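Put together the whole structure using the sequences plus the hints.
Note that the protein sequences, when read in sequence, are chains H and B.
The numbering of the first sequence is our numbering, which starts it at 1 and goes up by one.
The numbering of the second sequence is our numbering, which starts it at 1 and goes up by one.
Don't take every hint at face value.
Claimed, not checked - A few chain H residues facing chain B, derived, Cβ under 10 Å:
(1) I12
(2) W21
(3) D22
(4) Q30
(5) P33
(6) E48
(7) Q77
(8) P88
(9) G104
(10) R155
(11) V158
(12) P160
(13) G161
(14) A178
(15) Q180
Just so you know, these hints were derived from the structure itself, not from any lab.
Please read these numbers as outputs of a predicted model, since none were measured by experiment.
For each residue, glycine too, the CB sits at the ideal point set by N, CA and C.
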Amino acid sequence: FAGAKKYGLGTIATPEQIAGWDIDIRPDGQGLPPGKGTFEEGEAIFLERCASCHGEFGEAFGRYPVLVGGEDSLVSQDPVKTIGSYWPYATTVFDYVRRAMPFGAAQTLTNDETYAVTAFLLSMNSIIEDDFVLNQDNLPTIQMPNHNGFIVDGRPDVPPGEPCMKDCKESVRIIGKARQLDVTPETDRATTVAAL
Amino acid sequence: MLWRKKTRDSHTKTPSSLSRRLFLRATTALVGGTLASALPNRLATAANAENLPPNLPSWSQHLGFSVDDRPYGRPSQHEGHVVRRSVKWLTATRESSVNFTPLHELDGFVTPNGLCFERHHGGAPDIPSQDHRLMIHGLVNRPLLFTMDDLMRFPPVSRFHFLECAANGGMEWRGSQLNGCQYTHGMVHCVQWTGVSLKTVLDEAGLKSHAKWLLPEGADSAAMTRSIPMEKALDDCLLAYSMNGERLRPEQGYPLRLLVPGWEGNMWVKWLRRIEVGDQPWHHREETSKYTDLLPDGKARRFTWVMEAKSIITNPSPEKPLSVKGVQQLKGLAWSGRGKIKRVDVSFDGGMNWQTARLEEPVLPKCLTRFYVEWNWDGKSVMLQSRAMDETGYVQPTYADLHQVRGENSIYHNNSIQTWLINPNGEAENVRLG
Chain H
1 FAGAKKYGLG
11 TIATPEQIAG
21 WDIDIRPDGQ
31 GLPPGKGTFE
41 EGEAIFLERC
51 ASCHGEFGEA
61 FGRYPVLVGG
71 EDSLVSQDPV
81 KTIGSYWPYA
91 TTVFDYVRRA
101 MPFGAAQTLT
111 NDETYAVTAF
121 LLSMNSIIED
131 DFVLNQDNLP
141 TIQMPNHNGF
151 IVDGRPDVPP
161 GEPCMKDCKE
171 SVRIIGKARQ
181 LDVTPETDRA
191 TTVAAL
Chain B
1 MLWRKKTRDS
11 HTKTPSSLSR
21 RLFLRATTAL
31 VGGTLASALP
41 NRLATAANAE
51 NLPPNLPSWS
61 QHLGFSVDDR
71 PYGRPSQHEG
81 HVVRRSVKWL
91 TATRESSVNF
101 TPLHELDGFV
111 TPNGLCFERH
121 HGGAPDIPSQ
131 DHRLMIHGLV
141 NRPLLFTMDD
151 LMRFPPVSRF
161 HFLECAANGG
171 MEWRGSQLNG
181 CQYTHGMVHC
191 VQWTGVSLKT
201 VLDEAGLKSH
211 AKWLLPEGAD
221 SAAMTRSIPM
231 EKALDDCLLA
241 YSMNGERLRP
251 EQGYPLRLLV
261 PGWEGNMWVK
271 WLRRIEVGDQ
281 PWHHREETSK
291 YTDLLPDGKA
301 RRFTWVMEAK
311 SIITNPSPEK
321 PLSVKGVQQL
331 KGLAWSGRGK
341 IKRVDVSFDG
351 GMNWQTARLE
361 EPVLPKCLTR
371 FYVEWNWDGK
381 SVMLQSRAMD
391 ETGYVQPTYA
401 DLHQVRGENS
411 IYHNNSIQTW
421 LINPNGEAEN
431 VRLG
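Right, here's the structure in full:
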């Protein structure tokens, strides 16, 4: 890229400016701040700041995300995708809680509080013991249950080729109608078209 | 607190089939409460005879609006039903949610700015342009901070591209669920974007040799992040500040958003405040917990970035029934994240036989493409389908084709062929064929 044109626009971002905004964490631990937290500390914070949406046990109310449980459910009819059953990296918990939670009060948890909430969630999912002191060194070493659950994009799922144009099927059969479920907003009631 | 610790193990089993119960319970929550003006325009309202020849209507005699009455114009009051709509039961909150573009009411391939579907994760902030900054740092020679004025001094680039949510059609995986084109296919829009090439801005910072990935991040309360491979970033990504000639709408990321043409909408980070350059992906929440595609064996695909070829017949559709027999103009849209649409075929008998539609020029890469078929309706039941093909030779699959590979729980990337059943009374409805 040596030959690319430079316009001389923008100003150098100072280390202080970068430090204030650089909040992302990687699975190898890059970006993790110094700090620590435990299940017990996390439980107190969770009850106060998180449980009103996610439930005292991470079971969640209504359509809020379930955070705990769902073991062995990924092949079932109703998969429950939680931190314990689905998430591949523990670092993602710290990163996401710090950047976006609590919902409506993002980036209000201190680093220690974020370690504590992360410890609580990992413990609730039986990934670490209740007395585990989570810190910047051991968080990246935690092996998540679904660590190997992800594969590369295998698409396209259908081979390319010239599609059929005539007499393509033996028969055509309707097996479902949206109307029978009747969950569409401004529910669609049958109207007779006068012009017919 | 001790009782909690003793009992919590018994609580780790979550209630199963929450989504299924919601799926069925939603019925009761939706009755009543909608404004008449919000109802889909099912039937043409009968004309008022006093305004028809030989009579002279009032607007032919009295003055209309002055040029000062509407400094920023709005649609006709008679088009009040052409609005974005949402499905209340889909999400826990209205701020981390989605609404839908009324595709069945639109012509051409450009979506009006005020009708472009919205998807936010922490609501849509309206950020003062002068207080917005873009930071670029990480594996660069010079970490930089840009104002919006700085970004507008780079060479502008304008391009038409569709933006489709990865979850568009996601409620249809388990069967036909929503009876409307707006709801089954409306998480897509297409505008002319203007901004600066991402490559130009990265060159300004100077990439280090081991720079392989980018992490764009939003300034909103969700601080959206996604990992983007450098090859794509240097290919056709843009940093956009305008749509359809005017500055971005707040709900579309004002004052700055990332464009990742042809790829899932989640990656098009809005309110873009920061790009970190790195040598490996970050595996953040929106590319692990979300935007990964669960398969029947319990494994999930990750980094399913591209939006595959897709099409939809917008007229007729559940919101746009047929009212008379005889000549009809079938209209629809097709698009592909892998390039240009090459051909669209339409079937009137549920996929038994097909005919090739007329494509409206220009046909642009990674852009909505309009297609038409003129036909005669004899008043009998018809099963309409459209099937897109893109320039790579990829053909839009049937639902059965996709279902065989992916099962019912992958949520995202449903680009299967849609069927509308036209009943003898002219109504169209969303059906699934076996």
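Here's how the hints hold up against the structure:
1. A least Cβ separation of about 6 Å between I12 of chain H and chain B falls short of the 10 Å threshold, and the interface hint therefore holds.
2. Because the beta carbon of W21 of chain H sits about 5 Å from the nearest beta carbon in chain B, less than 10 Å, this interface hint is met.
3. This hint holds: D22 of chain H has a C-beta 7 Å from the nearest C-beta of chain B, less than the 10 Å allowed.
4. Proximity of Q30 of chain H to chain B holds as hinted, the smallest CB-CB distance being about 8 Å (cut-off 10 Å).
5. Proximity of P33 of chain H to chain B is violated relative to the hint, the smallest CB-CB distance being about 16 Å (cut-off 10 Å).
6. Restraint check, E48 of chain H versus chain B: the minimum CB separation of about 13 Å is more than 10 Å; hint violated.
7. Residue-level restraint check for Q77 of chain H holds (minimum Cβ-Cβ distance to chain B is 7 Å; threshold 10 Å).
8. Hint status for P88 of chain H: holds, given a least beta-carbon distance of 6 Å to chain B, under 10 Å.
9. Interface hint status for G104 of chain H: upheld, as the beta-carbon distance to the closest one in chain B is roughly 7 Å, under 10 Å.
10. Interface restraint check for R155 of chain H: the shortest CB-CB distance to chain B comes to about 7 Å, inside 10 Å, so the restraint holds.
11. The closest approach between the C-beta of V158 of chain H and any C-beta of chain B is roughly 4 Å, which is under the 10 Å cut-off, so the hint is satisfied.
12. For the restraint placing P160 of chain H at the interface with chain B, the shortest Cβ-Cβ distance is roughly 4 Å, inside the 10 Å limit, so the hint holds.
13. For the restraint placing G161 of chain H at the interface with chain B, the shortest Cβ-Cβ distance is roughly 7 Å, inside the 10 Å limit, so the hint holds.
14. Hint on A178 of chain H holds. Least Cβ distance to chain B is approximately 4 Å, under the 10 Å limit.
15. With a least beta-carbon distance of about 8 Å to chain B, the hint placing Q180 of chain H at the interface is held under the 10 Å criterion.
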